[in-house]
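Novice: With chain V's structure known, arrange chain R on it following the hints.
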Amino acid sequence: MVTTEQKEMLSVKDLQIFFHTDEGVVRAVDGVTFEVAEGRTLGVVGESGCGKSTVGRALLQILDRNGRISGGEINWLRTTEEGEETINIAKQTRNSSIMRSIRGDDIALVFQEPMTSFSPVHTIGNQLMEMVRLHKDVSKAEAKQRAIELLEMVHIPNPEQRISEYSFQLSGGLRQRAMIAMALACEPKLLIADEPTTALDVTTQAQIIELLRELQEKNGMSIILITHNLGVVAEMADEVVVMYLGKAVESGTAEQVFHNPQHPYTQGLLRSIPSIYAKSEGKLPSIPGNIPHPFNRPSGCEFRPRCESFIEGVCDKNVPVFQNLNDTTQKVACFVHHPPQEA
Amino acid sequence: MAEITTAATKTKTILEVNNLVKYFPIQKGFLKRHVGDVRAVDDVSFSISTGETLALVGESGCGKTTTSRCILRAIEPTSGEVNFLTADDQTVDVITLGKEALRELRQDMQMIFQDPFSSLNPRMMLLDIVGEPLLVHGMKRRSDRADRVAELLRLVGLRPEYMRRFPHAFSGGERQRIGIARALALNPRLIVADEPVSALDVSVQAAVINLLEELQEQLGLTYLFVAHDLSVVRHIADRTAVMYVGKLVEIAPTEELFENPKHPYTAALLSAVPIPDPRFKASRIPLEGEVANPAAPPSGCYFHPRCPHANDQCAIDTPQLEEISPGHWVSCLRAKEIDLAGLQASHGMKK
Chain V
166 MVTTEQKEML SVKDLQIFFH TDEGVVRAVD GVTFEVAEGR TLGVVGESGC GKSTVGRALL
226 QILDRNGRIS GGEINWLRTT EEGEETINIA KQTRNSSIMR SIRGDDIALV FQEPMTSFSP
286 VHTIGNQLME MVRLHKDVSK AEAKQRAIEL LEMVHIPNPE QRISEYSFQL SGGLRQRAMI
346 AMALACEPKL LIADEPTTAL DVTTQAQIIE LLRELQEKNG MSIILITHNL GVVAEMADEV
406 VVMYLGKAVE SGTAEQVFHN PQHPYTQGLL RSIPSIYAKS EGKLPSIPGN IPHPFNRPSG
466 CEFRPRCESF IEGVCDKNVP VFQNLNDTTQ KVACFVHHPP QEA
Chain R
524 MAEITTAATK TKTILEVNNL VKYFPIQKGF LKRHVGDVRA VDDVSFSIST GETLALVGES
584 GCGKTTTSRC ILRAIEPTSG EVNFLTADDQ TVDVITLGKE ALRELRQDMQ MIFQDPFSSL
644 NPRMMLLDIV GEPLLVHGMK RRSDRADRVA ELLRLVGLRP EYMRRFPHAF SGGERQRIGI
704 ARALALNPRL IVADEPVSAL DVSVQAAVIN LLEELQEQLG LTYLFVAHDL SVVRHIADRT
764 AVMYVGKLVE IAPTEELFEN PKHPYTAALL SAVPIPDPRF KASRIPLEGE VANPAAPPSG
824 CYFHPRCPHA NDQCAIDTPQ LEEISPGHWV SCLRAKEIDL AGLQASHGMK K
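Each protein sequence line maps, in turn, to chains V and R. To convert a position in the first sequence, counted from 1, into the working numbering, add 165. To convert a position in the second sequence, counted from 1, into the working numbering, add 523.
Same shape as in the complex, but just chain V:
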C-alpha cells in the first residue's frame, strides 16, 4: 500500500503479542501486518479487545510486564548522523539504550485519557521541560522557552501562564492539546495517537483532528491513528488496517476499505453505523452475536460465528491467510476471496 516515491518508515510483519496471565495465555495480537510511509497516516480500526492499543504500545516496547512480543518483526527506519539504519524493535529489550532514544525522539505516543496521562503533582511546564531535557542537551531556561513554543504550536492560549498550571486546571480539549505538545517535544518522525479524541466532545474532537492535520503538514511526520471511530479514521487516514480479535482482517487505502470493503467484518461494521444524512427507515443492519471471549476463541476464522458468508467445512477448519486481493494493494484475510490451497 506504500507507493514508491514515499519512504517506508515502519513495517510491521506478522506481529504476535501474547500476555501471560494466571488464567492462561491471551493472544492479544496474533498476526498483524502493515506499513507506514513518511508523512502518511495509518488508521488502525477495531472494536474493544481487538488488540489495536496493544500494537501501539508494542511499537514503543511499553507493554505491560506480562506481555511479550512472541513473533514477527517491527522494522523501524532510523535516521542517525551516520545515515539510515533499520532497527527491529521487536528484538529490542524494553530498557535498551536504543529503545530509550527511539521513544520520544523517533516515535511518540499520545494516550487515550488526557485525564490520567499527566502527573497531577507537577505543572504542565515541568512535565514538558523534563521531556525536552531528557532528550536534548539544553539549559533550564531554554527548555522552558521550548515548552512555551510547544504550547503555542498546539494553540493553547496564554502559554506563558499555562505553563505553570497543573493538568487538572485544563479542560479536556486543552489537556489533549498539551498531551500532543508533549509528544511533539522532540519532533518525532512517527506519532502514535491512541484514541486521541475518544474522551472529547464532537466540537473539541473536530478541533483536535484539525490540529493533528496541521501539525502533520508542518512537520511531515507519519501518524498511526488507533481508534474505534470510523468517522475519525475516514477523515484522517490515508491507509487503514481493520483488526478483529488480534488479527488484521483487511487493509488498504482509505478509499479501498471504505468504498470497496471485502471482508465481511468490515462490511458489517460500515453498515451498522446509522447515517447522519437521512433517517434510515426500519432496522439498522447489525453484526449478529458478540465479540468472543479471548479464552474461548472459535476454531478456524475467528469471525466465522458472526459471519454471513460462512462456508461450512472451510471457515471452521482453516485459518485464512492475510494476502493481497488479486493485483491490488488491498489485503484481506477471508476464504471468500482466497479459497484454501488444498481442501
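Quick caveat, the hints were computed from the structure, so don't treat them as lab data. Just so we're clear, the structure is a prediction, and the values are computed from it rather than from any experiment.
The list that follows gives simulated cross-link-like pairs (lysine-lysine, DSBU-like), each with its CA atoms no further than 35 Å apart: (1) R/Lys-622 <-> R/Lys-535; (2) V/Lys-383 <-> V/Lys-305; (3) R/Lys-804 <-> V/Lys-383; (4) V/Lys-448 <-> R/Lys-535; (5) V/Lys-172 <-> R/Lys-804.
Specialist: Below, chain R alone, put in the same frame as chain V:
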C-alpha cells in the same frame, strides 16, 4: 412554554417539563459559605407525547443528564414542574410528590444507564438484578419473580437459562440488555435512557438500538433519549432537543433539526460530526474556545462568545425559546436573519 407540542398533536402528552431549574451550590471554606451556583439546568421546558422518542443532545456538562435525573427525581430539582400523565389519565407533578406516592409513580418511569459495567451489581445473579424492582414493588414470591424475569430476558433477546448467572459472564451488549430488562420489569410507560449505547462497540450498538425500537413498538413505550452521538439520534428520535450550558437552545422534529437547524450552535454541532466516508470533505463551522462555565456564564446569550453570527446585541439580551415554524423552537436573537447550513447543504449528498 407549556404549549410546546409535537406535530402529531393527536397523542396525549405523557410528560411536560416546565421551567425546570437545578442549581448546584458552590460552597467554600469551613463554614460552607455559599459563594455561587453551578447552573446545571437553567429554566428548561419541553414535553413528550405518548409513544414518542425525544432525544436530548449536547456536549458534556450541558446539563442533559441532570435534566433527565431531575425528571425522575433521582436528583432533587431546585424549582420547576414535571407533570406526568399516570396510567389512569391523571396528571401529577412529580416534584411535589411525597415519598410513598413517588415510589408508586416510579413504576411508570424507569431508567437505562450508560455504563453496563458499573450499573449491574457484580454480586447479584440476573434473577436478583432484574427481579429487584419486582421485589421492591411487592412481588414477594421468588418463583413468581423467576417467571417474570424469564419472560423479561426473553423479551430483550437473552436466554432465560442465564438468570442464575452473574453479570461478569456477559459482554457489554448483553449487559446492556440486562439493564433494559430491569428497566422494563414493572411495565413502565416512560423510559429515560441516558446514553444507552455510547459504551458499546459499533457492531453491537446497532443491535441494541434495534431492540429499543422493537420494544417501543411492542410495548408502546415513550423514550427520553439522552445522547451525544448525533447519527444515533437521527436514527432513533422523533424530536430532538439541543442543550447548551443548562439551557435548551433548539427543539424540533429530528428531520427538521438536522436539515434546517436554526441555532448556530446546532449547526456547528452537526458540522463537527466526522463522516465515515473518505471521499467526503467536511466544511466545518469552527467553534473557537471552550464551552462556557455554568458557574459564571457569559452575559446575554450564553453562546455569543463562540458564535460566528453574534453581534453586540447578543451580549446584552438573553434570547427566549420562540416557535419559529410549527414545532420548531429556537432560542436565538438572530434566528430569523441568519441562514444556517443543515446537513444536506453543508455535507453534500452521501454516495
